[in-house]
Amino acid sequence: MRHLKLIWVLAAKDLRIEYRSRQAFLTTLFFAVLILIVFNFAFDPGSASTRDASPGILWVALLFPGMIQLNRSFQSEMEEGTLQGIVMSPVDRGVFFLGKLLANWLFLLAIDIFILIAFVVFFNFAVEPRLFWVVLLMFLVGGGFSAVGTVFAAMVSNVRIREVMLPILLFPIIVPIILAAVNATREVLIHNDFSTLGRWLQLLVAFDVIFLAAGFLVFDYVVGE
Amino acid sequence: MPSASAAPQPLVRLVNLTRKFGPVTAVKNVNLEIRTGDFLAIFGPNGAGKSTLLKMVASLLPPTSGEVVFLPNGSGPNRSEVGYVSHQTLLYNELTGRENLTFYGRLYSVPDEEAAAAEMLVRMGLRDSADLPVRGYSRGMKQRLTLGRALLHQPRLVLLDEPYTGLDQHGSRLLTKILVSLREEGRTVLMITHSLAEGLELGSRVIIQHRGKLVFQATRDEVDRADFENLYFKAVER
Amino acid sequence: MQSTADRHLTFAAWLLIPLYIVGVVALWAAFLHAPTERVMGEVQRIFYFHVGAAWTAFFAFFIVFVAGILYLWRRNPFWDEFGAASAEIGVIFTTIVLTTGPIWARPIWNTWWPWGDPRVTTTLVLWLIYVAYFILRSTLPEGEKRARFAAVFGIIGFIDVPIVFLSIRWWRTIHPVVITRTGARLEPEMFQAMMIAVVAFTFLYFALLFLRTAMRLQNNAAEEMTHIVRERSE
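Chains as they are written, first to last, in the working numbering: chain A, 1 to 225; chain B, 1 to 238; chain C, 1 to 234.
Misleading hints may appear alongside valid ones.
Label pairs and their in silico Cβ distance ranges [to be verified]:
id	chain 1	residue 1	chain 2	residue 2	range
1	A	Leu15	C	Thr10	56 to 62 Å
2	B	Asp168	C	Glu224	41 to 47 Å
3	C	Arg119	A	Val60	24 to 30 Å
4	A	Gly224	C	Asn110	33 to 39 Å
5	A	Val60	B	Ser109	56 to 62 Å
6	B	Gly125	C	Arg74	45 to 51 Å
7	B	Gly186	C	Arg7	43 to 49 Å
Since the hints were derived computationally from the structure, they do not count as laboratory data.
We put the beta carbon where it would ideally sit given N, CA and C, even for glycine.
Input sequences plus hints: build the corresponding full structure.
Printed below as a string of structure tokens:
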């Protein structure tokens, strides 16, 4: 379907731009690793309570680069007014949303995987199949986060204090996925308890579907007129 | 069978077009008919609402009241029939000229977009820098590329918002050449410009906008070029 | 022909009568009709007002949601003002709930803030969303863009609230919080008092809503007048 192709055209454009200025990816990655390291200094490494808190640390370390990336994805469109260029074209605004969403989602997933590696190293986890579930969680969280985040990032793209505005708008809304991600990670990685995993996964999938649909429907009101 | 010299068909009609931003009225009750093949030069002081007017025709802004009617089907603005050039380049600095054009070609469903892009690059004199990132282009090159972007999908209506801004002599001359060729092709063009000379040179019709309203309208033949400057200043005083 | 603002003032005025009546009944029910609770004593009576305020806080947000949809559909600026007025009242009630809650609950639950309690924490998140709504409005100049964005944020926020509640509820069952619901069994008189309080607060909400909407509309009209006068004198 033509729409699917356009989604990819839009996402590919964003990814290609990211690739050209790889510096942005690396800087964001570095920032996330830095947060992990700072937390290691802030808490007593090796203690049981730190280990129990480590899933929280992981996900917090992922949130901030996520916010930065969301803001940047619209910065590139503000510079030379290219946002208007897309809005002015015959492309459906919902399709535009999905294209941005896909690019942000993939970018986040890439960062997440590297951070997971750093996390395993710093907090001394074994490399084992259970980590797969964490990757799955990252995939699902990335979707919901990007869905709501793309809408809000578009809203604040013109505002001067956007770096602070985006978290203010986004954090309350993503409380459910933070809870799901942190708790599922903790249960699986630390307590080796899979009983609640299904429920959290369901929550994440539901969140993703709901806000993907919502974003698709409202994006026209955000970028169009 | 309509002959070649048949009266030009109306293309766009602006009906009681008004646009407010909060309490401020930027465009006030504009009525205008644009015919196919018109080259309309729009003059006016800063803040007259010219850019706002153009944006409404480009469907970037909806009117507060009134409408923009595209005549073949009598409906609202058709985004694929309009090409728009503004102060901003609407180009991606990290991508090459070719990649920019191909991208827009895909957005506008231009058939065989890669060939169309290549052709446009040649026409705009950018063949040699086609595969360099736009970041390294000069202002004039960017201007030509963005014009190419606007023309790529063969729009029936071309909207230019002060295209000469920031161009040096060389760039200006190249731009004029391209605009003249557009006019000769019979393309419908609306151009906002501060340069009275350029506007009169290229335009087949002129309008002056002041404080949101159209205060003057004429065809080029009706206008005395030598006297136009005085006419303009009289129209926008008060 | 009354202006919209005047009409809303009239609605508000008309509501004052039933509000007064139900208000008096609610006070009677809360202080005299309902029996004294065994464990907490008289202090427990705050519960009725607490529930009323909490209900209003969430209902107000529902109205923000509806107003947002209506604005996006109709593009009538009235709905933006209506939604913003509702949000103002909502955030005030939410603040009341959040501040009176801990004061009342600390002696009983032995903690200022029961994170695991889904109702309490969801109310906190609601408060955060309200505040974010206003901060968003404050960063944008008056106009239809601000109205559009506020509407979108209100819609997304409202969809989110039930999900937040659910996620906290699930979180709680994993870490069972050492808090038991007091007054698990409500005497019929207590239940009646609670329902009457809810009704009273709803009347209060609507009266305030119409009043505040009228004020906002009049404010806008005054501003537009100022601008027109300024323009004419140029």
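Hints and how they fare:
1. Leu15/A with Thr10/C: 56 to 62 Å: 58 Å Cβ-Cβ, so the 56 to 62 Å window holds.
2. Asp168/B with Glu224/C: 41 to 47 Å: Roughly 45 Å apart at Cβ, these two residues keep to the hinted range, so it holds.
3. Arg119/C with Val60/A: 24 to 30 Å: holds, 26 Å
4. Gly224/A with Asn110/C: 33 to 39 Å: This hint is violated: roughly 53 Å between Cβ atoms.
5. Val60/A with Ser109/B: 56 to 62 Å: 44 Å Cβ-Cβ, so the 56 to 62 Å window is violated.
6. Gly125/B with Arg74/C: 45 to 51 Å: holds, 50 Å
7. Gly186/B with Arg7/C: 43 to 49 Å: Roughly 56 Å apart at Cβ, these two residues miss the hinted range, so it is violated.
The structure fails hints 4, 5, 7 (numbered hints given earlier, in ascending order).
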